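**Student:** Residue strings, one per chain:
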Amino acid sequence: MDANVIEINNLTKYYGRKKRHRGIVDVSFNVAQGEIFGFIGPNGAGKSTTMRVLLALIFPTRGEARIFGKDCIKEASEIAKDVGYLPSEVFYYDGMKVIDLLRYSASFFKKDCSARIKELSERLELDLNRKIEDLSYGNKKKVGIVQGLLHSPKLIMLDEPTGGLDPLIQQTFFDILREENKKGATILFSSHILSEVQKMCDRVAIIKDGKIVGVRKISELRNDNYKKYGVTAANPIDADYFKGEGVMNYVTDKNSASFMFKGDINGVIAKLSGLELTDVSIEEPSLEEIFLHYYE
Amino acid sequence: MNIFVSEMRQYRKSAVAWVITYAVLLPLVMSAMPMFVEESGAIKDMLSKLPEAVLASLEINPDLFTGSVGYFSYVFLYIGLTAAVQALNLGLSVISKENRMKTVDFLLSKPVPRAFIYLQKLSAALAVLFISQVSFYIAAVVSVSIQSPDGFDFKTFALIALTFTFIQLFFLCLGMFLAVLFDRIKSAVSLTMGVAFGVFFIGMVSSIADSEALRYLSPLRYFDNGYIIANGAYETRFLALAWILTLLFAAAGFVVFIKKDVRAAV
Numbered sequence: 001m002d003a004n005v006i007e008i009n010n011l012t013k014y015y016g017r018k019k020r021h022r023g024i025v026d027v028s029f030n031v032a033q034g035e036i037f038g039f040i041g042p043n044g045a046g047k048s049t050t051m052r053v054l055l056a057l058i059f060p061t062r063g064e065a066r067i068f069g070k071d072c073i074k075e076a077s078e079i080a081k082d083v084g085y086l087p088s089e090v091f092y093y094d095g096m097k098v099i100d101l102l103r104y105s106a107s108f109f110k111k112d113c114s115a116r117i118k119e120l121s122e123r124l125e126l127d128l129n130r131k132i133e134d135l136s137y138g139n140k141k142k143v144g145i146v147q148g149l150l151h152s153p154k155l156i157m158l159d160e161p162t163g164g165l166d167p168l169i170q171q172t173f174f175d176i177l178r179e180e181n182k183k184g185a186t187i188l189f190s191s192h193i194l195s196e197v198q199k200m201c202d203r204v205a206i207i208k209d210g211k212i213v214g215v216r217k218i219s220e221l222r223n224d225n226y227k228k229y230g231v232t233a234a235n236p237i238d239a240d241y242f243k244g245e246g247v248m249n250y251v252t253d254k255n256s257a258s259f260m261f262k263g264d265i266n267g268v269i270a271k272l273s274g275l276e277l278t279d280v281s282i283e284e285p286s287l288e289e290i291f292l293h294y295y296e
Numbered sequence: 001m002n003i004f005v006s007e008m009r010q011y012r013k014s015a016v017a018w019v020i021t022y023a024v025l026l027p028l029v030m031s032a033m034p035m036f037v038e039e040s041g042a043i044k045d046m047l048s049k050l051p052e053a054v055l056a057s058l059e060i061n062p063d064l065f066t067g068s069v070g071y072f073s074y075v076f077l078y079i080g081l082t083a084a085v086q087a088l089n090l091g092l093s094v095i096s097k098e099n100r101m102k103t104v105d106f107l108l109s110k111p112v113p114r115a116f117i118y119l120q121k122l123s124a125a126l127a128v129l130f131i132s133q134v135s136f137y138i139a140a141v142v143s144v145s146i147q148s149p150d151g152f153d154f155k156t157f158a159l160i161a162l163t164f165t166f167i168q169l170f171f172l173c174l175g176m177f178l179a180v181l182f183d184r185i186k187s188a189v190s191l192t193m194g195v196a197f198g199v200f201f202i203g204m205v206s207s208i209a210d211s212e213a214l215r216y217l218s219p220l221r222y223f224d225n226g227y228i229i230a231n232g233a234y235e236t237r238f239l240a241l242a243w244i245l246t247l248l249f250a251a252a253g254f255v256v257f258i259k260k261d262v263r264a265a266v
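From first to last, the protein sequence lines are chains A and B. Counting in this note's numbering, the first sequence runs from 1 upward without gaps. Counting in this note's numbering, the second sequence runs from 1 upward without gaps.
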């Protein structure tokens, strides 16, 4: 069996009649069997566009994507049997109760999903007998979650899944995802919130302005050895004082400076000792800060 | 079949409402006929004093009031409009509600080819219309029979009544095509009213101006009851046009639905 569940090659999508509006450009990455893969980037970077091509909701301008080794456009309905998708938007049919929608969703798959519906909705504290249109935003989101997972899919695609969920439910949701993952499901998870990606994922692809700017292991990112420095001196610090190889996110303001640094610490310490310091801090940066330079 | 069943369930109430409308409305309006027939001499006198244009705009032919089929054909002008409204609204909403309720991602990411989704939606809409048509035909036959103690010209009656089905098929396919093409339709009802009354109005103008050209723009006038009564047949070229357009809209809607990018919900 192919080790990659998702293979994306130079996937490009331009929108509009004249194909002028950039969606994504030459996106390529693979997601391995059993992986929890994060897909992060700011709003409008192309996360949803990529997912929507994978689901054959939109058609690529060029390039291709394969899921389970099958072409994601030509064999879309075949692939969909084993895919669970949670759209970023909440949705409902007028007048349908939660259970009606879930049964409707289950009717597309040739298996009995009723036990799973019961189990998932109990864990997420979702009342099956209410009309969906009367539910709060967070509860509608839960309907989406159960709908995406009720057929025990082999690939779970989540587009900004956590918005509107309270922290406890979010925790339950993540627990459920981890269990699915242990059972063998591969998960593709898009978000603009790094901390949730950080908690869940093995690897992440970072997308910015429609292009992939990096694919990294979360563990690698953490061991990137960047340290965050904050310095305040008695006298104004020269604007270029700390500049050099390995320095990024450099900000100075009169007597103070802050930056991130990776490399030989002694060089920085030597520079520090050349100043008359009033305060100094050396900390572990958050992933957010490491990513910041991708976003810029 | 699951999409078909779900659609039928969603349109259950409105289907029942239409069935009742036709079953009640038609006999009610037809029951007013004796009044017109008794007074037909006086009405003819009165009508003859009205300007031609007014008669044309109301599609009134003084002979209409002398027999039950003639009277039915007059009533049918407005029944045809309601038939169009029902079918157009159904066609628009069966597609556009998925966008409005943001369920389009949900539905199209399921393991069903888009072609099947479209065909199941079309079948469900046809089934809903079929039920209304049965109600209409029963109501029409019964109420015309009641008003015709000496029998009536069944062929002419049938030719007129059958246009109900033609009109509905035409407007259903038009509605589905428009909804596929314009995926940001906020309210199917307001668009329906706009289009249906627009078409009705153009039809009126075409009668007043006696303009062939305008008639082509008004599908409701493709079937001219006056002509049917006089000739016992449809006008071939308008009948052909109605069917060609119906099939064209159906095919175009299908093709666009299969190939089109689904816009993200906003």
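Treat the hints with caution; some may be incorrect.
Derived pair list, reagent style DSSO-like, types lysine-lysine, alpha-carbon separation capped at 30 Å [said to hold, decoys possible]:
hint, chain 1, residue 1, chain 2, residue 2
1, B, 102, A, 19
2, A, 208, A, 228
3, A, 70, B, 102
4, A, 18, B, 186
5, B, 44, A, 140
6, B, 259, A, 131
7, A, 81, B, 260
8, B, 13, A, 18
9, A, 110, B, 97
10, B, 102, A, 211
11, A, 227, A, 183
12, A, 118, A, 154
13, B, 186, A, 70
14, A, 97, B, 44
15, B, 260, A, 110
16, A, 70, B, 259
17, B, 97, A, 81
18, A, 97, A, 110
19, B, 97, A, 118
20, A, 271, A, 243
21, A, 183, A, 74
22, A, 262, B, 186
23, A, 154, B, 260
24, B, 186, A, 111
25, A, 131, B, 186
Okay, the calculated beta carbon distance ranges per label pair [unchecked claim]:
hint, chain 1, residue 1, chain 2, residue 2, range
26, B, 181, A, 209, 42 to 52 Å
27, A, 42, B, 181, 26 to 36 Å
28, B, 187, A, 213, 24 to 34 Å
29, A, 16, B, 240, 35 to 45 Å
30, A, 211, B, 259, 21 to 31 Å
31, A, 118, B, 240, 28 to 38 Å
32, B, 259, A, 213, 42 to 52 Å
33, B, 227, A, 110, 38 to 48 Å
34, A, 21, B, 111, 28 to 38 Å
35, A, 110, B, 138, 33 to 43 Å
36, A, 211, B, 111, 29 to 39 Å
Hint data in this document are derived by calculation from the structure and do not stem from the laboratory. Quantities reported herein were computed from a predicted structural model and do not represent experimental measurements. We put the CB at the ideal spot given by N, CA and C, even for glycine.
**Student:** So, against the hints stated earlier in the document, which numbers end up violated here?
**Tutor:** 5, 6, 8, 11, 13, 14, 22, 24, 26, 28, 31, 32, 33
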